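K.L.:
Residue numbers (numbering that gives the first Met the number 0), protein chains in the order written: chain P, 0 to 306; chain X, 0 to 495; chain Y, 0 to 280.
In case anyone wonders, no lab produced these hints; they're calculated from the structure. Note that this is a predicted model, so its numbers are computed, not measured. Be aware that one or more of the hints could be misleading.
Lysine-lysine pairs mimicking BS3-like chemistry, simulated, CA-CA at most 30 Å apart [claimed, not checked]: (1) P/K15 with X/K437; (2) X/K421 with Y/K46; (3) X/K489 with X/K150; (4) Y/K3 with Y/K85; (5) P/K65 with P/K189; (6) X/K60 with P/K37; (7) X/K339 with P/K37; (8) X/K254 with Y/K46; (9) X/K460 with P/K251; (10) P/K189 with X/K326; (11) X/K33 with P/K41; (12) P/K136 with P/K74; (13) Y/K3 with X/K489; (14) P/K189 with X/K460; (15) P/K15 with X/K421; (16) P/K251 with X/K326; (17) P/K37 with X/K437.
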Amino acid sequence: MSTSNITFRETGSSIKVTPVDEVSLEARAASLATRSIKTNSKRAALHLAIRCMDLTTLEGADTPEKVASLCQKAKRPDPSNHDVPSVAAVCIYPEMVHHAVEATKGSNVKVASVAGAFPSGLSTIEARTADIADAVKRGADEIDIVLNRSAFLAGDEQRAFEEIVASKDACGKAHLKVILEVGELGSYDKIRQASMLAMAAGADFIKTSTGKISQASSLPRVLCMAEAVRDFAQQTNISVGIKAAGGIRTAKQAWHYLVVIGETLGTEWLSPEMFRIGASSLLNDVLLQLKRLDSGSYSGPDYVTVD
Amino acid sequence: MGNSNSKDGSSLEDFGIEYASAVESTSLVNIKDKYGLFIDGNFVESSSGKSFKTLDPSTEKPLSVVTEASSDDVDRAVRAASVSYEKYWKKMPGADRARYLFRIARHLQERAREFAVLETLDGGKPIKESRDVDLPLAAAHFFYHAGWADKLEYAFPQRKLEPHGVVGQIIPWNFPLLMAAWKLAPALACGNTVVLKPAETTPLTALLLAEVIRDVDLPPGVVNIVTGAGKTGSAIVEHPEVNKLAFTGSTEVGKLIQRSAVRRNLPLTLELGGKAPHVIFEDAALDQAIEGVINGIFFNQGHVCCAGSRLLVQESIADNFIDRLQKRIELLRVGNPLDKNTDIGAINSQAQLERIDQLVKAGIEEGAEVFKPSCSLPENGYWYPPTVLTGVQQSHRVAREEIFGPVLVVQTFRTPEEALEKANNTPYGLSAGVWTEKGSLIHWMTERLRAGVIWANTFNKFDPTSPFGGYKESGFGREGGMHGLAAYLKNSGGRS
Amino acid sequence: MTGKIPIAKTYKLFIDGAFPRSESGRTFSVNDTEGELIANVSQASRKDFREAVRAARAAQLPWASRTAYNRGQILYRVAEMLESRKTEFVELLKSIGVNSRSAAREIEDSIQRWVWYAGWSDKYSQILGSVNPVSGPYFNFTVPEPTGVVGIIAPTEPSMLGLISRLAPAIVSGNTVVVVSEGHSSLTSVTIGEVLATSDVPAGVVNILTGDQTDLLPWMVGHLDVNAVDISGISPETDPALLEEAASNVKRVISRQVNEESLELISDFLEMKTVWHPIGR
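Let the sequences and hints guide you as you build the complete structure.
P.N.:
Right, here's the structure in full:
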């Protein structure tokens, strides 16, 4: 297998990968970011952003209490306003999964766990699949693993592919998100190739970043992945989801992502089943914007909860 | 105007999210009831007393009344330019000419939004284009050329340089202010004085520019702006004291002007029509190529002489490419030009709309298949939806004649040789596009395409430093860059 | 004993590397200063002109596709051939009324001019081209390219230096030409054609028609496959209205002093092509 010759796991058919021109791609992303949204649509957009959000904490210092607090925020982002929907999922380390399962019980909030030697992916595949199986066993609905960039960038696409296949098998019923760590791939061509490879190997979602390096999600990178998702759907009839993570802090940014996804992939993707935004500080900005819509005046950070 | 829905019904609006009708305010534009001619530093009446209306093509509502310059008025303007040339401009050091041009550039930047709104009102182009393309580029042209005014000897070393004197310039309606900038900036930098005629459907930004010219204290008569239609233009062309002509517009009118100029051995530059091939090879970055094709033909409603109006796509990817293209076209937003979200604005005039419609009908009669997206068009004003004609043969009128509207014709090819042969098989030669990831093929194509501007893996990019102009019936002489200066200097080695 | 009666040269047309007679079968006579007949020269018709344009068109791309170095070598070879036929040219010019001192001077100047242009072949694009600092992530450059097929009205005076001065700057960049020469200068033009025919200049690059300027000018100016016309050599009596048809295909119309030597003359027969390409990963 090579980047220009990827085989779809399910059917054995070959998947075409299209090259990407950086300058034009970035220009398109920038032009989509100039779209403005109707005031009376803003609430719908902000609610959608919340419903697609994966509230994330991935710190070595995470504790059961910290996770419980995050889950509370996930279930009811604005305690003063019951119209505000809950987020899609909380995203945590495997050790925290059962605490999260407990804390989200009875809600729609899913539990997503990173697994498989996150964030580098550099341990044996056996250890990684065991980690995945453990997280699933603890009750995780979704598993976020990383692409083996080491193998992928060294030209061993076959290995990167097979590891995703093995991870998918280890997931069982849980959804598999494959993190490409786009900031390490070096070019949009590689992002597109990695997207196709991950989807062909069975990813339910492809995700931009671990959040552990400074180069994370960006509008053109997600556009690049969305174009790959669209191509994959066209070639296989299978719709794969997208998760943008890292560096998304403002409601306006979140809106830009929704525009990029909506214009590139259509409304089918504008749901928590197909689109996620991974974030830690975004939610409060979205809540502030909602308050501003309700009251007509600008709110401040003291009026949203810090969790 | 709503967002158009793609076939599978997926649009943000179906989801309860609508783009704002983010209409740019017109309050910063103060349109006068009537405009005079700008001659010798003042706005003056016509000797004939004739005038005409200029409309907002998106509503058909009149915006203002503009004076029609008679041949007597043109004569006055030429004399003013001639006197001013001798009295001020010829004697002025280049460094001082530069300062005036810098000032004009600054004023354009300062009043950019006002100019952009006026441009959109008078011409129908989307505000995001007038705001993000026309205005920044117009200011940049003045800046670029300002710097040349005192450095001409570096551009043309060892030559005795001399301006022509009075230059007559006639510009089109598709980029009214930008074309004025393309014409005025190099002419003034090289030390000429000017009589400029904007197009009759889009005179307002040139007249606002006249105010700027007055505000920066450019000596009276250095720039004169006369409004009117063909008659006014031919009075400029035929005037015996005009020493050089520059025209941007249709090939048809360009030929008439050349007839007149060649008889009198008058220096001339022509920037005329085009029917640019836009060649997509199978290994191209297809998503970006789609964007390039969209931008190539729908930028400014296709009212672009260098528009990529003939899509040549490699047969192996043709079906897939056209399918993607049509889906992308469904997302284009046609409507109120002042709305920031609008991608395609109004057709510039009734006459142009009729011409587009007539050519598309001819294409359908000749056997082309037509694709138009499902968008609705406003009731008033001049509108034409983005249109793709497939099944087009090289012999069809729509493959040969410039449509100058949002209409793309599609043909296929099998090999680079065939692509090249079809691409070059036109009397025009203004621009061409080519998309492939193979570097050597880019060079092979760009070397052989007979056109003055080649966009490889991009399209419709412009810059004051980048010479622009055509081969064959697309005209001669260049605008922009060092090469553009040659047109405004005697003995500079440029074809002038 | 044979050999006493000189064998006079037949002055024919020069089309596509060959020397055909006019298809019209017509000739015109050129006399020397004494009134003695020098030659009956082929009088080209519009059909000959059409054939010459066809040959020039076919030769244009291949000629332009030669390397600049190769074109320079070929042009230098022409200078060598001119040098070797100096005496012949001096005699020829004298026969049509140029005094021997001026004739010798004209030959020397012509050879020098030709060498000067030959040396430009691989340099003009460095002077006339540019890399343009556009605002944005694009590599943008401008290169000169030949205009295509050029019609040249050969100057009648000076007949040799005039034609050399018009021809060299046109073909050095890869244009091909159809020359129309009339009267006495026809003899010089055809002889230059003979030099070109023996100098590695590919067939069709230069085509030389002798005949009547006023007859052929409208066909040249109106021909849609001619991209440029050099009218520097036209007679001052020519009706300027005859030139209007140049607009039929927006021909480049070039008018210069017949005896100029400059880089600008090369650029007269060039088109500037600007290429954009994004810079990215």
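K.L.:
Given the proposed pairing of X/K33 with P/K41, does the C-alpha separation stay at or below 30 Å?
P.N.:
Given pair X/K33, P/K41 is violated - Cα atoms ~42 Å apart, limit 30 Å.
K.L.:
Taking 30 Å as the top limit, are the C-alpha atoms of X/K460 and P/K251 close enough?
P.N.:
holds, 29 Å
K.L.:
Compare the distance between the alpha carbons of P/K15 and X/K437 with 30 Å, and conclude whether the hinted pair is satisfied.
P.N.:
holds, 17 Å
K.L.:
Taking 30 Å as the top limit, are the C-alpha atoms of X/K489 and X/K150 close enough?
P.N.:
holds, 16 Å
K.L.:
Does the structure keep X/K421 and Y/K46 at a Cα separation of 30 Å or less?
P.N.:
Roughly 29 Å separates the two Cα atoms, so the pair holds.
K.L.:
Run the distance test for X/K339 versus P/K37: straight-line Cα separation, threshold 30 Å.
P.N.:
holds, 12 Å
K.L.:
Need the status of pair P/K37, X/K437: alpha-carbon distance at most 30 Å?
P.N.:
violated, 43 Å
K.L.:
Mind checking the alpha carbons of P/K136 and P/K74 for me, to see if they're no more than 30 Å apart?
P.N.:
Answer holds: P/K136 to P/K74 is near 23 Å, not above 30 Å.
K.L.:
Hinted pair, alpha-carbon criterion (30 Å max): P/K251, X/K326. Please report holds or violated.
P.N.:
holds, 26 Å
K.L.:
Hey, Y/K3 versus Y/K85, does the alpha-carbon distance stay inside 30 Å?
P.N.:
holds, 24 Å
K.L.:
Within a Cα-Cα threshold of 30 Å, do Y/K3 and X/K489 meet the stated pairing?
P.N.:
violated, 57 Å
K.L.:
Verify the proposed pairing of X/K60 with P/K37, using a straight-line Cα cut of 30 Å.
P.N.:
holds, 27 Å
When held up to the earlier numbered hints, the structure conflicts with 5, 11, 13 and 17 and fits the remainder.
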